[in-house]
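Number of protein chains: 2
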Amino acid sequence: MEKEAAPCCQEKEIHPERLERVRSLLPPDEELYDLAELFKIFGDSTRVKILYALLEGELCVCDLAGLMEVTQSAVSHQLRVLKNSKLVKFRREGKTIYYSLADGHVESILNQGMEHIEE
Amino acid sequence: MEKEAAPCCQEKEIHPERLERVRSLLPPDEELYDLAELFKIFGDSTRVKILYALLEGELCVCDLAGLMEVTQSAVSHQLRVLKNSKLVKFRREGKTIYYSLADGHVESILNQGMEHIEE
DNA sequence: ACAACAAATGAATAAATGTTCATATGTAGA
DNA sequence: TCTACATATGAACATTTATTCATTTGTTGT
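In order, the protein sequences belong to chains A and B.
All the letters of the first sequence, read from the start, carry residue numbers 1 to 119 under our numbering.
All the letters of the second sequence, read from the start, carry residue numbers 1 to 119 under our numbering.
Since the hints were made in silico from the structure, they are not lab data.
Every value quoted in this text rests on a predicted model; they were computed, and no experiment measured them.
Some hints here could point you the wrong way.
What the hints assert, rightly or not - Under the rule of at most 30 angstroms between Cα atoms (straight-line distance), these lysine-lysine pairs were calculated in the DSBU-like manner:
{"no.": "1", "chain 1": "B", "residue 1": "K95", "chain 2": "B", "residue 2": "K83"}
{"no.": "2", "chain 1": "B", "residue 1": "K83", "chain 2": "A", "residue 2": "K40"}
{"no.": "3", "chain 1": "B", "residue 1": "K83", "chain 2": "B", "residue 2": "K40"}
{"no.": "4", "chain 1": "A", "residue 1": "K40", "chain 2": "A", "residue 2": "K89"}
{"no.": "5", "chain 1": "B", "residue 1": "K40", "chain 2": "B", "residue 2": "K86"}
{"no.": "6", "chain 1": "A", "residue 1": "K40", "chain 2": "A", "residue 2": "K86"}
{"no.": "7", "chain 1": "A", "residue 1": "K40", "chain 2": "B", "residue 2": "K40"}
{"no.": "8", "chain 1": "A", "residue 1": "K89", "chain 2": "B", "residue 2": "K40"}
{"no.": "9", "chain 1": "B", "residue 1": "K89", "chain 2": "B", "residue 2": "K40"}
{"no.": "10", "chain 1": "A", "residue 1": "K83", "chain 2": "A", "residue 2": "K95"}
{"no.": "11", "chain 1": "B", "residue 1": "K86", "chain 2": "A", "residue 2": "K40"}
{"no.": "12", "chain 1": "A", "residue 1": "K83", "chain 2": "A", "residue 2": "K40"}
{"no.": "13", "chain 1": "A", "residue 1": "K40", "chain 2": "B", "residue 2": "K89"}
{"no.": "14", "chain 1": "A", "residue 1": "K86", "chain 2": "B", "residue 2": "K40"}
{"no.": "15", "chain 1": "B", "residue 1": "K40", "chain 2": "A", "residue 2": "K83"}
Modelling step: build the complete structure from the supplied sequences, incorporating the hints.
Here you go:
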């Protein structure tokens, strides 16, 4: 993803002191990476729609596929992504599997995003 | 992106009443799409790092490039994305351009995400 | 007007991602 | 154990996206 330091401005660093402070306050790269990974999950309309739907309560894969107007397979793939990120959980009841939100963070994040949109 | 309704479960819709309720409560597709677009912006580690850096105050493109260990061009491209989404603003001072966060939403969104990560 | 420099832009490329189709897995009932 | 059905998985494909390189734009100082 990265390659090497940028030559950029030849006065090397324009604001060394400011940069030093930022550098010391910045979360470690790994944390930033994980954070980006999390938001990437929310960055797909199919997944966002799934999450919004689950705000109203648990639904099975079939219900979701009907709602999304997308293949059962597509929904299933996306549910796996959501499951891996611990955003949804599921329970089995006979042949059908019910998915629901894993915790309240999902709702908070969606709401914060919506607030920014609506303005 | 989509194609056609899914045949899926032959009993058509397993929970019609539940589905109907969800359908009526769900935000319009366009809104969900915009929301996903917003989160997509946060879904890249370079951009997240830029945003985090700007939490501490304004920085010029050069500073950011130095911080990211990425080309000036790459940073500039990403700043354009952030600018288009109204997440950052800028002011010019001579040859250099200073970028800063557009509003407080950015911080709220980042924090909500971090909360989910840290557990 | 010209040289120097910060930042922006465009084209090209490599990598990541979402969807579909086909198939496999797991569960329930005859 | 065989069939039916809900869900999961794998491979393939098309699209999106982030980066770099090369160049342009805009500003300052001479």
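Now the hints, each set against the structure:
1. B:K95 with B:K83: 19 angstroms, holds
2. B:K83 with A:K40: 19 angstroms, holds
3. B:K83 with B:K40: With a Cα-Cα distance of about 14 angstroms, the restraint between K83 (chain B) and K40 (chain B) holds, given a limit of 30 angstroms.
4. A:K40 with A:K89: Holds, because 19 angstroms separates the two Cα atoms, which is no more than 30 angstroms.
5. B:K40 with B:K86: Status holds; Cα separation ~14 angstroms.
6. A:K40 with A:K86: 14 angstroms, holds
7. A:K40 with B:K40: 6 angstroms, holds
8. A:K89 with B:K40: 23 angstroms, holds
9. B:K89 with B:K40: At roughly 19 angstroms apart (the allowed maximum being 30 angstroms), K40 (chain B) and K89 (chain B) satisfy the hint.
10. A:K83 with A:K95: Holds, because 19 angstroms separates the two Cα atoms, which is no more than 30 angstroms.
11. B:K86 with A:K40: Roughly 19 angstroms between the alpha carbons, so the hint for K86 (chain B) and K40 (chain A) holds.
12. A:K83 with A:K40: Cα-Cα ~14 angstroms, so holds.
13. A:K40 with B:K89: 23 angstroms, holds
14. A:K86 with B:K40: Within the cut-off at roughly 19 angstroms; holds.
15. B:K40 with A:K83: 19 angstroms, holds
Comparing the model with each numbered hint stated earlier shows that all of them hold.
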